[in-house]
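Residue numbers (this note's numbering), protein chains in the order written: chain A, 1 to 595; chain B, 1 to 595.
Keep in mind that a hint or two might mislead.
Since the list gives no way to pick one copy over another, a pair counts as held whenever it fits inside one copy or between any two copies.
Taking lysine to aspartate or glutamate pairs in the EDC-like style, the calculated list, with each CA pair at most 20 Å apart, reads [to be verified]:
#1 Lys26 to Glu592
#2 Lys30 to Glu589
#3 Lys482 to Asp494
#4 Lys336 to Glu592
Hints in this document: simulated from the structure, not taken from any laboratory.
All values reported here derive from a predicted model rather than from experimental measurement.
Protein chains: 2
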Amino acid sequence: MGQYTAPLRDMQFVLHELLNVEGEVKQMPKHADLDADTINQVLEEAGKFCSEVLFPLNQVGDREGCTYAGDGVVTTPAGFKEAYKQYVEAGWPALGCDPEYGGQGLPAFVNNALYEMLNSANQAWTMYPGLSHGAYECLHAHGTPELQKAYLPKLVEGVWTGTMCLTEPHCGTDLGILRTKAEPNGDGSYAITGTKIFISSGEHDMAENIIHLVLARLPDAPPGTKGISLFVVPKFIPTAAGEVGERNGITCGSIEHKMGIHGNATCVMNLDGAKGWLVGEPNKGLNAMFVMMNAARLGVGMQGLGLTEVAYQNSLVYAKERLQMRALTGPKAPEKAADPIIVHPDVRRMLLTQKAWAEGARAFTYWSALQIDKELSHGDEGERKEAADLVALLTPIIKAFLTDNAFESTNLGMQVFGGHGFISEWGMEQYVRDARINQIYEGTNTIQSLDLLGRKVLGDMGAKLKKFGKLVTDFVEAEGVKPEMQEFVNPLADIGDKMQKLTMEIGMKAMQNPDEVGAAAVPYLRTAGHLVFAYFWARMARIALDKESSGDPFYKSKLATARFYFAKLLPETATSIRQARAGSKTLMEVDEALF
Amino acid sequence: MGQYTAPLRDMQFVLHELLNVEGEVKQMPKHADLDADTINQVLEEAGKFCSEVLFPLNQVGDREGCTYAGDGVVTTPAGFKEAYKQYVEAGWPALGCDPEYGGQGLPAFVNNALYEMLNSANQAWTMYPGLSHGAYECLHAHGTPELQKAYLPKLVEGVWTGTMCLTEPHCGTDLGILRTKAEPNGDGSYAITGTKIFISSGEHDMAENIIHLVLARLPDAPPGTKGISLFVVPKFIPTAAGEVGERNGITCGSIEHKMGIHGNATCVMNLDGAKGWLVGEPNKGLNAMFVMMNAARLGVGMQGLGLTEVAYQNSLVYAKERLQMRALTGPKAPEKAADPIIVHPDVRRMLLTQKAWAEGARAFTYWSALQIDKELSHGDEGERKEAADLVALLTPIIKAFLTDNAFESTNLGMQVFGGHGFISEWGMEQYVRDARINQIYEGTNTIQSLDLLGRKVLGDMGAKLKKFGKLVTDFVEAEGVKPEMQEFVNPLADIGDKMQKLTMEIGMKAMQNPDEVGAAAVPYLRTAGHLVFAYFWARMARIALDKESSGDPFYKSKLATARFYFAKLLPETATSIRQARAGSKTLMEVDEALF
Chain A
1 MGQYTAPLRD MQFVLHELLN VEGEVKQMPK HADLDADTIN QVLEEAGKFC
51 SEVLFPLNQV GDREGCTYAG DGVVTTPAGF KEAYKQYVEA GWPALGCDPE
101 YGGQGLPAFV NNALYEMLNS ANQAWTMYPG LSHGAYECLH AHGTPELQKA
151 YLPKLVEGVW TGTMCLTEPH CGTDLGILRT KAEPNGDGSY AITGTKIFIS
201 SGEHDMAENI IHLVLARLPD APPGTKGISL FVVPKFIPTA AGEVGERNGI
251 TCGSIEHKMG IHGNATCVMN LDGAKGWLVG EPNKGLNAMF VMMNAARLGV
301 GMQGLGLTEV AYQNSLVYAK ERLQMRALTG PKAPEKAADP IIVHPDVRRM
351 LLTQKAWAEG ARAFTYWSAL QIDKELSHGD EGERKEAADL VALLTPIIKA
401 FLTDNAFEST NLGMQVFGGH GFISEWGMEQ YVRDARINQI YEGTNTIQSL
451 DLLGRKVLGD MGAKLKKFGK LVTDFVEAEG VKPEMQEFVN PLADIGDKMQ
501 KLTMEIGMKA MQNPDEVGAA AVPYLRTAGH LVFAYFWARM ARIALDKESS
551 GDPFYKSKLA TARFYFAKLL PETATSIRQA RAGSKTLMEV DEALF
Chain B
1 MGQYTAPLRD MQFVLHELLN VEGEVKQMPK HADLDADTIN QVLEEAGKFC
51 SEVLFPLNQV GDREGCTYAG DGVVTTPAGF KEAYKQYVEA GWPALGCDPE
101 YGGQGLPAFV NNALYEMLNS ANQAWTMYPG LSHGAYECLH AHGTPELQKA
151 YLPKLVEGVW TGTMCLTEPH CGTDLGILRT KAEPNGDGSY AITGTKIFIS
201 SGEHDMAENI IHLVLARLPD APPGTKGISL FVVPKFIPTA AGEVGERNGI
251 TCGSIEHKMG IHGNATCVMN LDGAKGWLVG EPNKGLNAMF VMMNAARLGV
301 GMQGLGLTEV AYQNSLVYAK ERLQMRALTG PKAPEKAADP IIVHPDVRRM
351 LLTQKAWAEG ARAFTYWSAL QIDKELSHGD EGERKEAADL VALLTPIIKA
401 FLTDNAFEST NLGMQVFGGH GFISEWGMEQ YVRDARINQI YEGTNTIQSL
451 DLLGRKVLGD MGAKLKKFGK LVTDFVEAEG VKPEMQEFVN PLADIGDKMQ
501 KLTMEIGMKA MQNPDEVGAA AVPYLRTAGH LVFAYFWARM ARIALDKESS
551 GDPFYKSKLA TARFYFAKLL PETATSIRQA RAGSKTLMEV DEALF
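With the sequences and hints as input, model every part of the structure.
This is the structure in structure tokens:
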């Protein structure tokens, strides 16, 4: 039940009208020839695949889940394997990959748009190719030429998939205490032994081989995070000819029963002297893995956006169809037994909240993906550095802010359905259950907040934050004098000022007491997320104002949503700033025994 | 997995130290002899039953769910039936019931405390006796003497259970359009035909008979809510001797697959000329049903409190045991591989949020139950009226504020567990799924907000709100001069003032445009909820300050939680007031086609 249609019009608005990607890629030698038509065609094709093939499998995937038959064999839900075959045959895994290994070499922002749609249609399924793409990026950045030759073409083609194996039963956030061991075999390979848990896509029946990227300790490794190395551990060891060879000693011991994403196998992986090869330098595995984790964090943000969009679409359809009560201002559909519930102000609040979170997230993440392309491919080194700093700053905001908003949005989507939202058949409660994991994995949202405030902001004395702040102040200066933009620019300038003051205040307090960072981090990230959203909503409002007279209702809708955002969502910062400023005292003074 | 221990110390604090129930009941002739020891013994026994019998069935109930075997037969999860037998044998159904029908005649506040514990231990199970108690109250208030004689003793004993049958496929919130028909049989009974959905506890194997209270239309009924009558429709028609007789034409057609409360059967009930008897006057069924709905709304608030408490208890245990990372201020458990996560400020925020919501809700709901006892049993008519007004005002706040807080709390409890929280085995994700329905059923939280703002506050020009306001200002005047109370009384007085101004502002705007009520209602209720919580937290802080020097760490803990509430949770009103004031413009100006 339910439906999903790729929001192509809004995607095109963001890519072409807001971001002018066709102009931007001209500064990137690799992508200079890419034109808008090609991008649009790719998105349209992807949208069809998502609506027609993936979305119909979303509910069945949830209902059936994955099956562990013993002996390490995992079966994915009916249809998953066939859909993956189609995905591979259409060449989608190669979209954003390096042509040297068979990729299509399209920019990150195109791949990112693809992932929004895949996640809207079926998050659990999308995690199989999603993790593969992360493994591709990690090996592409850190693998030896031999490893790249052995693995990248198969990952790009999609016939092999990938995973990341970090977590162990006693450590998730705290990788410094991990225990999996890697002992040199003397032939350049290592024998790896240990247990990994929560390995998404760890075992399945969709690909002929699975390439695990595994964190482990060398025998002489120093303790803590400085003694962790990264290894590639294939399920089947590739032959010299590059095909599937000998079965390796890494097997799935069981799969988890969990709240959501039932269609994705969450595996316990047992490594029993499994053969692995070092990726990157010894004891610097976390650095190498961070390439994959940062990609994954952006990917989780796209899961948040995808679920926000699909929840919005379905609750909107219901709100227009379901008849219940009359409008407070008198009947709007007197010929019917009752009015459609979209006449009620609070139903509109629930719909517009989802819409504002979705469209704001789309602008923010597509822009961020464009920064990644700049970082990787811009012709000018200064631009590359600038973009890299912005991506580093904003990655934790993308991950945490968007997934918190997605959990709110999927819950609002469900709430619009009333009691029917709680019933599995309608599909809305699955979005809530699927959305919930996104706030937890790839670093909980608390960890993202600490990364933002402690490392990205205070860690360089606010230098990266100032770079984003400059974008805001430039826009405010350019638009602040225009009367029609007052309603957007004034609150944007205001939250910009408040953010600056808040950052300085916390920075001062943190010098006295490091717990102030931990106490302020979560509401600080919410505030920062709103600064970002206020900036993009003001920019989108600017365009919509310019084009409103065109008669295209799209711009009226955009403007109305911008106004809603500033009136109803941005005020969250009145609370988050107070919470951040309230500091650590009431948290830390309480003795543990008093809880 | 997991654990639950009845929070007897805090329950006793609320009943005896905060509310002085022993003194209060002296003004109620019915209850004048009740002493604190008796109350405490009852609660202690109930706590044991909940920990030892019900809690161990909570996860199995979720995993197994109810089974519909066809032919109207529903089987509850393993152990449910036996636990219910024990519950009946111990006499718990009779606790708060009228001695005339075999009840123990204890006050509502004792029964309420029982329900907190039942819900902490097993919400899905508790809905069976919970709905029975609602049916008891409705028949006790509105049934004819014959109906009371036929049904009340069995409901009090618990050998028969009850339901409320309101919702139909096309109407939930909007009962005015319901279609189920009741035609007179000529013998004083009616033949009732129609389909009811979402009937909790509608069919099961735990009791020998099920007594349905069904809304339906008489042949000559006027359209809308003024044409709805209430009927009692038993599964088996009682014989003259009061035992189970002929099978009636009301059968379960199927049960729903849903997000949570799997252990409770959510039934489609088909009525095919089922025999029913009128309860209350013809066409005034909604009035009669409101007795049951108001009881149910308080009951849903207790479900919220119950889940908040059990999520808190379990995440606290985990936070003390799970080792991960070092404290930002340096190692706290240097002898271990890492510090317990309770050293981290944001983990403490998550724990204290749950604790403050739970203890605030306990004070608020126990006090509210005491008002119900005053309403029913106080010797003075003025006091009865006063209490009735307060209960009417506060019922929607109990239902919506507490269930929203419970959804937040269960999610925070789950978040403390990180990835393990998402895994079913740990039990935390079940609390989230169970908590979610409480925001929807018995009137969605939007409906509660409209009831509060539209009917209870603006409907009498703020008269009832002023009564609660008087309690606040009396306390502020009495305590405001004391230096040690400044930190609590100042923000309480502040939110009281703001609430008053906000109410007047919305009232003025609503006279111009009724949509202003719908637009402001949800954030208005959040603001009102905080006024109530700030009041009770200030009162509890007063007692804790008085007794802090006793050396009992309980008071230090209470004071710390009060400070946390004022520093970190009350600031939500900075946002909710802004949202409420932002009005209906950005919601209603958008044409439906622009969504």
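Each hint tested on the structure:
no.: 1; hint: Lys26 to Glu592; result: neither (58 Å within a copy, 40 Å between copies)
no.: 2; hint: Lys30 to Glu589; result: neither (56 Å within a copy, 46 Å between copies)
no.: 3; hint: Lys482 to Asp494; result: within (16 Å within a copy, 37 Å between copies)
no.: 4; hint: Lys336 to Glu592; result: between (60 Å within a copy, 17 Å between copies)
In the structure shown, a violation is registered for the earlier hints numbered 1 and 2, in ascending order.
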